[in-house]
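These are the residues of each chain, in order.
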Amino acid sequence: MSKPKVAFYWCASCGGCEETVVDLAEDILGVVEKVDIVLWPVAMDFKYRDLEALPDRAITATLLNGAIRSSEQEEMAVLLRRKSQYLIAYGSCAHLGGIPGLANQFEREAILRFNYEEAPSVVNEARTRPQTVTEEEGRRPHLPELRHVVRSLDQVVAVDYYLPGCPPTPNLTRAAFDALLSGRLPPKGSVLAPDIALCDECPRKASRPADVAFTQFFRPHQKVLDEEKCFLPQGVVCMGPATRSGCGAQCPGGNMPCTGCFGPTSRVRDQGAKILSSLCANLGAREEKEINRVLENIPDPVGTFYRYGLASSRLRRRADLTNV
Amino acid sequence: MVSSSQEVRIGFYVCHCGHNIASMVDCPEVARYVETLPGVVLSRDYKYMCSDPGQELVQQDIREFALNRVVVASCSPLLHEHTFRKATAAGGLNPFFFHMVNIREHDSWVHTDRAEATAKAKALARAAIRRVAHHRPLEVKQVPIHPDVLVVGGGIAGIHAALTLANAGRKVTLVEREPTIGGHMAKFDKTFPTLDCAACILTPKMSEVGAHENITLWTCSDVVKMDGYVGNYTVTVRRRPRYIDEELCTGCQECISNCVYKEPKFVDEFNEGLGKRKPIYIPFPQSTPQVVLIDPEVCLNFKRGVLTDRCKKTCVEACGDRKAITFTQREEIRELQVGTIIVATGFQTFDVKRAPQYGYGSFPNVYTALEAERLVNASGPTGGEVILRDGTQPKAIGIIHCVGSRDKKTNRWCSRVCCMYSMKLAHLLKEHSGAEIYNFYIDIRAPGKSYEEFYDKLNEEGVHFIRGRVGEVTDWAMTPEEEGKLIIRVEDTLAGFVRRIPVNMVVLSAGLEPQADAQEVRRLFNMSCGTEGFFLERHPKLAPVNTFTDGIFIAGCCQGPRDIPDTVAQAGAAAAEALVLIDRGHVEQEPNTAYILPDCSGCKSCLPLCPYTAITFDATTHRAVINEALCKGCGTCVGSCPSGSIGQNLFEDEEVFSEIEGVLSE
Amino acid sequence: MSASASPSPPVAPPATWTPRIVAFFCNWCTYTAADLAGVSRLKYAANVRVIRLMCSGRVDPQFIVDALARGADGVLIGGCHPGDCHYVEGNYKMLRRFQLLRRLLQDLGIAPERVRLEWISAAEGERVKAVINEMTAQLKALGPLGLPEKFESWDEEIIALARRAAEAAPADGDAPASAQPEEVHV
Amino acid sequence: MKFSYFPGCSLKGLGRAYEESLLPVMKHLGVELVELDDWNCCGATAYMAVDEAKACVLAARNLALVERSGLNQVLAPCAACYLVLNKTKHYFHDYPSMKQTMDRALGAVGLRYRGDTPVRHPLDVLLNDVGLDAIRQRVVRPLKGLKVATYYGCQIVRPYATFDDPYNPTTMDRLIEALGATVVRYPLKTKCCGGSLTGTVPKAGIRMVYILLNEARKRGADCLATVCPLCQFNLDAYHAQVKAAYGPVTLPTVYFTQLMGLAFGLPERELGLQRAAIRFQWRPAVPAAPVPSPVPA
Amino acid sequence: MSTSSTETPPAGPPAAERLPQETAQTPAPKRSGPEPKIRIHRTIKYESDRTPGFGRDLMRVPGCEQLERCIQCGTCSGVCPLSIYMDHTPRQVMALTRGDFKREVLHSHTIWLCASCYACTVECPQEIRITDIMYELKQRAIHEGVYPRKFPIPVLAHEFNAMVRQNGRITEMVLVIRLFLKTSWLAALGNWRLGIDLLRTGRFSLRPERIRNRGDIARMFDAIDGSKGGSA
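Residue numbers (the numbering used here), protein chains in the order written: chain X, 191 to 514; chain D, -5 to 660; chain L, 37 to 222; chain Y, 56 to 352; chain Z, 98 to 329.
Please note that the accuracy of each hint is not assured.
Just a few of them, taken from the derived set where beta-carbon distance is under 8 Å, the chain Y residues facing chain D [unchecked claim]:
#1 Y222
#2 P242
#3 E270
With beta-carbon atoms standing in for the labels, derived distance ranges [said to hold, decoys possible]:
#4 Y:R240 - D:K402: 26 to 36 Å
#5 Z:R200 - D:P474: 36 to 46 Å
#6 Z:K279 - D:S356: 41 to 51 Å
#7 X:P376 - D:G12: 52 to 62 Å
#8 D:L132 - L:K79: 54 to 64 Å
#9 Z:Q263 - X:E315: 57 to 67 Å
#10 D:D107 - L:A177: 32 to 42 Å
#11 X:S260 - D:K135: 55 to 65 Å
#12 D:K402 - Z:I141: 33 to 43 Å
Hints in this document: simulated from the structure, not taken from any laboratory. Being a predicted model, the structure only gives us computed values, none of them experimental. Each residue gets a CB set at the ideal place from its N, CA and C atoms; glycine is no exception.
Build out the structure end to end from the sequences listed, making use of the hints.
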């Protein structure tokens, strides 16, 4: 058994990342030939105790996707960290918190209350909520606890590399495997994608004029989008200028603006603040009233600018005003 | 990108500034605290850091302790950053390894709790210590200075500045909005306190301007645009038509006597509307240039500014072969290259109608001070006789001080010259009419050389001084002696009771205020205005003729009310400041320019943000490029770059973040 | 949302608590006005820390969120009056950012009064004093923002986890979870 | 056009002729006035001198009642009421401590004042809402040949009014000229009538009345037109005392609304003219045109 | 001009503000028995004559803040229609107040002569609200009980207060009658013709005006008693 061991794991995520391994298509065969997959919940049955039984650092690399929200996910993250030589945050959720991270706009209590009591579709007169421990017929099953905030993987355990994307593209995954297997690894902590914004590889780049002054914003569904032209002069928010490249500009290729899943470049501390700065500075209006009229069509700045990055933003999550 | 591989060795100095800082900030304690911070090799407190020994201390320490960063906590960097950069350089370091902390203007002078002020000083110092670690060596650029000068405004300030520069051999362009130079001073009869005739001292200087080989005089002209930076300004001037070819007109004025209007009929601006002039006229006999002009609003040959054929053109006939009259003259736009600019645009007098309680406009015998100037002037509309609008001669005259001055509802400031000019007018009016003169004042402000003596002289002459701000000027009489007169109701505050004083003439000593277009002029030349609207000097004491824009200087009443001696002195100072720049031949530019990092994605977001078009898109590399010569260092593109791919010397992201961290990590 | 839901609710501010304000002042107008306030010996609250930039246009919204995240209770931005910017329109650029940023912060539960943009010309030393005092009073009424404390309270969960992990594998050479996760990130 | 109407104590007492002429004139112009239910003393001048806070509370009760009534503007014809209501509104906004006081007092009687009710004077409404054109159209008996000295007094132009120039108010001048009369230049138009001093320090008060009457007479006025019940009372009721101190000066003082009523051809007996000590007599040179029916409200 | 400094001053007081019919001579006070030629009293002020803090305290009242800016220009007196009768001109009242001369200010009859015409407030170049300061001074004089007992103005104010508290409105004639009863019978008699005029013209009404919710006023006052708006 000299083949390196590889694990895939899945925390708070949609599962799409695990599927991407299949997106490697025939290359998957090459990978499988060279490695042993020891953990892959979406495809293989595997027990916690089996994993625990492995010696520490026995797994060469673990590709963990999903954000960390529950105590169980935390435990798995810690366990996998211990068993792995390289822990790779795989995909936007593990990298930045991802879509689940948007929950950080709300208090945990509010989330529980809404989902178990107040949502229109809920019938729960007893106001029952999931408990971490219950007693039933003499047994005491445990349920994971929901943590106060959604975290990116590196906010829970040390991470060696990041593979960005929602989900990461096969090319990047393939390159990561190649690097891992060949040992030609970049410095620890690197994001395994180019450190330059998406526009660099966007086919629409050349169509952007040098004098954009926004007078109106549209959401993608509000307008018939020109398939060739840069989205920004069309008044559609595109996160491309504030987002790492490496995806091959797939969304613009499908006539949708970039939503920022690769996260910011290394030179940026807060992706949302940066795109906000750039878009607003380029508004045409001068009067407060007119400025706000134009900006009105960005109805949800948090959801727009921090779609993937709220959990790793400078403000990280909603502050609790009730205690302030 | 900004860190230096070398080990950081910081020297920190906290200045007592005598008691200015030390009385509110525990300087030794700050020094002790900073010594504990990472990277700090030595930390000292010292009485006067800006003194020579203070600066030498820095130089010695750099050499002795192999310092490679210097932080001084003292006054505002706007005051002494330059000083300490020089000291750092003299110690053998790049001057930009220095950073300054403002614990005087922003701390000791504005706070009252010693513990809080000391804590603040520590926080600011901590931020600087963190920041300075990121500093890098930078080069200062030198830009040559164009030796020509523009002077804007041809009053006594502009005239004096232009002559000073021209006599020093510099080429000067003097731009004046009116058809003649001379400004307000040309309207005065006498000047206080010496009572020498304004024309006698001004007109020789005016003619000298007109004749000087180094001065180009453009009247009827406005500056409409200014571009560039210190040493290299491009100025656009609009020259309005006067319908006379200045080169051909000899100033014989035969055209005026031959105008179809036999009698002067139109409001004479120079005489404050007290006299009349013709459509073709010269503002006053000593006008410079000695060239007539045509008022197209009233000239029969123009109907509402459009050329018609309604006149026999007798003026043209009179001009004959000289052919100086050109009805078809058009507005011209000219461009100038200059290195420095002196703005001397003067003031306007307060519109006394804004103080309706004094009845100007309702009662014909209420005059403004400038009208009174013309009335006592031998070359004025009445030949110097004090004859009122109703044809009578006054037996009693009230002069009301502070009209539109020291009044929060109009202008808050003291106009500084009114006390003196009111007394001058009191003297002249008494001399010319023999009337009883009452001065109504709040306080007499006579702080100049020989001014108090002038006040004494007026008292000796029997001019009445009543301390009290007049409540109203009215025409309703209560006693027979008041019938048909203007009655001034005032508290004689020194006597402690209210008085009613009937007079035949009231003179309103209007205050001085900024020109109506001061705000536009300010924007034009990139200057600031104080709250009252006068142009703001860079420092009230140490840089009174400098503005916040290098190479632009101010002189005269555009900076604030002042009298003629002060104006002339200030104009000389402004000329000297311009000469300093010109003679040095170059200016040094702060190296705070922005630059594009290699990881630019070419998204073009920054291109429209630069007001100086310093950022362009390189079509071959598909990246943005910043032209360092055009960049002025505002950093707007840096703050807006969505991928963090623009840096700015002296204000790098890391430097600012480290400051934020520094001020907040307690 | 009950206070008890948080792992350790922020403690009520002590009576001596004063808000911390980070101010970004443009070199030409507001910084100069603050100098003028000093020269005029005006007195104002000592809790403001001024960072000098050349223009309000340089104020990157990242600076603002960073200051709040690091414990500022309020951020004050001072620039030249509209039309007066030394760099033509840097202040307008800041105004535009400010409008959306304030909305964004509000959506994140941060009171809009905590971030303030003021036009203060070089002559308005009095205004510097008035604005700082007024903002201090407003922030006092709002109470501490306390983001670092909040982050710390969340981190208790992670510190506990790291401790458990360390107990489970004391010999493990790899670094346990960091107590300062945001520092780990790139 | 509909206003809440705050008459104030004077218009129910000494100044009832003002109300008697104001109501029909406003009705005639289609301005509906709804008397504020259960209004109380505005807290006027004398009260301000005893306790400013209480005066403000009194005024605030009225303003709160207006807001409760659902009408969004209040018309205060009396100069003192106009001033006090406006002053209270200013204090409410300018001084947090005053606002607290008002809130507390009103809270005790279950009322609340929000602070946004405009307080209007009839002159303001007539000039700016009704308009001179509409007024001119109503004139059937132009007051041609009548010389009027317009007397505004102090408190409607100072210090809170914004609808006219405090130095040289002209709203009443323009209104009276629209009625066909001639306005004489009267420099005392904003001088004080003596206020309550006629009653308390007669020597000072009577002198002021004399000056006002005498100057108007000297300038050829047939009458003084006023906007304030106290001014009207002072200028009308003390002729005997004036005569005793300074000799006879007889000049009638009318409310501007009375002149309007006359010009509109409204019945004289319904304009309260009989309530003056010095009766105002005016017979037009031209016979009246038929009176048009009032504008529907 | 009669007032030229070189000429002999006129015999009487200055003619200004004197009505043609007024006597040029200030009437001499009626005296009985021999009086000294001149009566003197101390006018010098010692520090102990001041009430330190009086001015500062007054400036804390809403509307009175600007007093500290007074430049003693006299505009207030210049426009005041009553300044001709005042023992201290309004300007002097400002100076005395600011100088903490509480006794002089509260005993001055200037504050009782102010007719609240606001001319001074509108004209003051320092935007001092002099009328409001006069109100505040009146209130303090009443509070301290230093006004003349039968001086009509404070009495009027007091009666006004009582009537409003009770009825919510003012019945002017009742007020006037009470005023005369409490101050001077003589004055009431002197005004008999006025009363007749009022009766004749239907303006003399003694029917008390009342509001419906009469308790309201008292309840409101009780709610704020002891807490003056300004001092909070």
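Hints, verified against the model:
no., hint, result
1, Y222, "holds, 4 Å"
2, P242, "holds, 5 Å"
3, E270, "holds, 5 Å"
4, Y:R240 - D:K402: 26 to 36 Å, "holds, 30 Å"
5, Z:R200 - D:P474: 36 to 46 Å, "holds, 42 Å"
6, Z:K279 - D:S356: 41 to 51 Å, "holds, 46 Å"
7, X:P376 - D:G12: 52 to 62 Å, "holds, 57 Å"
8, D:L132 - L:K79: 54 to 64 Å, "violated, 37 Å"
9, Z:Q263 - X:E315: 57 to 67 Å, "holds, 60 Å"
10, D:D107 - L:A177: 32 to 42 Å, "violated, 21 Å"
11, X:S260 - D:K135: 55 to 65 Å, "holds, 59 Å"
12, D:K402 - Z:I141: 33 to 43 Å, "holds, 35 Å"
Consistency note: the structure conflicts with the earlier hints numbered 8 and 10.
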